[in-house]
Amino acid sequence: MPKSVISIGPYHPLQEEPEHFQLTVEGEKVVDIEVSVGYNHRGIEKLSERRSFDQATFVIERICGICSTSHPFAYTQAVEDIIPVEVPERAKYIRTIIAEGERIHSHLLWFGLAGHFLGYNTVYMWMWRLREEILDVMEILSGNRQNYAMFKPGGVRRDIKPEDIPLAIKKIDSILPTVDRLKKAILDDPVLHARLKGIGTLTKEEAIAYCALGPTSRASGVARDVRKDAPYGAYDRLDWNMIVTANGDVWDKAVVRLLELYESIKIMKHCLLNLPGGEIDLNLKSIPPGEGIGAHEAPRGETFHYVRSDGTNRPARHKVRAPTFMNLPTLKATVPGSSIADAAIILAAIDPCYCCTERMAVRSADGRKLYSGEELLRLSREKTSRIQKELGKR
Amino acid sequence: MTREEVLSEIQSRFGDVILDFFDKSAKRVYIELQPRALVPVARHLFAELGARFHIASGMDSRTHLEVLYHFSVEALNLLVSLRVKLDKNDPRVDSLASTIKAAAWIEREMHELLGIQFSGNQDLRRLLLSEEWPAGVYPLRRDYREWDPGAVRDRGV
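Chains A and B supply the protein sequences, listed in that same order. Position 352 of the first sequence, counted from 1, bears residue number 352 in my numbering, the numbering being contiguous throughout. Position 2 of the second sequence, counted from 1, bears residue number 2 in my numbering, the numbering being contiguous throughout.
Looking at chain A on its own, in the form it has when it is part of the complex:
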């Protein structure tokens, strides 16, 4: 059968890392994938070397638009590891609260998009409506819906006021019944089972070989979570569960994220209710020469920062590794063998902030356009409705 190349991407400004996927297909079946990145390379590592340790926090907060806190969290820990120093207890709790709030809204955003890809626009609307509630909570606590600017090396920049806590908890509690209803609706839906089970499977061996991170690895049975393996913040002071499933398909990745919502809500509430008193900042004056490493479990997996100090007020080297850098190559293992209709959701299953459907274009090897982006989305939705009809007949 003749092979053609489908081009998805390369660029969408909403994506964390604008990507260009080239799928080689035989008929409906994908036989190979080539991933290209770098379309929005901003040289942030270089920029960071020309900022003071404190200013760099603001630059790197803007690396990702969705998990904006994950990079400052890892970076501040790396700077603190140079000295080394422990931040005050209250600061640890505040950091944990912000990080978990971010995980909740990031997972909700992914669910919304996944629903949209599959033709479940009700899920999309529900999830994004819920996300607004969490963004309101973040606004109550930090003053911002996004880019909270709460972190600084040595502690946090702003305190959480005691009078704001009851309202935040009330709002968090108010979303629980809806999350419950959604969980039931998703887990009981036979169409979603038929649509997502057994596609895009990443085996445990592959997850280890590719060093996959976050829900992408935990869905494949690799119990890997920085919050448990190398506890930081307040994570070792509370009781919570790491969600691990065994099958590694898109369904399991969705289940991991769904159940993690509950854990995050639990952690966030516990921290708000048991916020210890005391200082929030060490007021670090200077950073001695040396090197430090910080890691944080972002919604998509571990964020890793390496910072070298030469005794000046600026980092001599600042290496940033986002989780998607490790998760994207796993597509080489998961996409080949699937159909084009499944490709959109498999590519989205690692959660690369993938919302570039309108930029998709399907091309044959000689560059002639075969499908439009809408058509690819239509293929995915048609498969869902086909399954719906088949199940309806039974």
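None of these hints come from the bench; they were simulated from the model. Ideal Cβ placement from N, Cα and C applies to all residues, glycine included. A portion of the hints provided could be inaccurate.
Unchecked claim - Now the stretches of chain B that chain A is said to cover, found in silico as 3 or more residues with beta-carbon under 8 Å: (1) 64-73; (2) 76-86; (3) 100-107; (4) 126-134.
Following the hints, position chain B against chain A.
For chain B alone, kept in the frame of chain A given last:
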């Protein structure tokens, strides 16, 4: 295995190629190696101890090009960083990509940003930089000069 057993095994097996062993804290160990020993030590960590490869970070330290390979032994909460110092005139080290799949992309990145050659890696295409970027210009080197007259200059602090 305990932390002490893991570290003493590394020291006894690879003692002759370890240039510096820095036990920084309970969670962090930095081991400087002769570049030729990188692959065997990395394989020991990754395949035998089941350590996870985080990433590698390269930097221009003025006298050398330095590459750190970060590994985690998750069961022990221990982060081991392997350091190799490469000659600036011919920065070359054996590729880890065939031992650890996850190292393939970061080698491409260090190749284009720092100009390090990874012997044995067949796929050193550009990862982040655009096609227009001139060959032999490495943005993370200390001696990097802006080559594009139309670029907006970052004034720093």
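Okay, the hints, checked on the actual structure:
{"no.": "1", "hint": "64-73", "result": "holds (count 3)"}
{"no.": "2", "hint": "76-86", "result": "holds (count 3)"}
{"no.": "3", "hint": "100-107", "result": "holds (count 6)"}
{"no.": "4", "hint": "126-134", "result": "holds (count 5)"}
Consistency note: the structure conflicts with none of the earlier hints.
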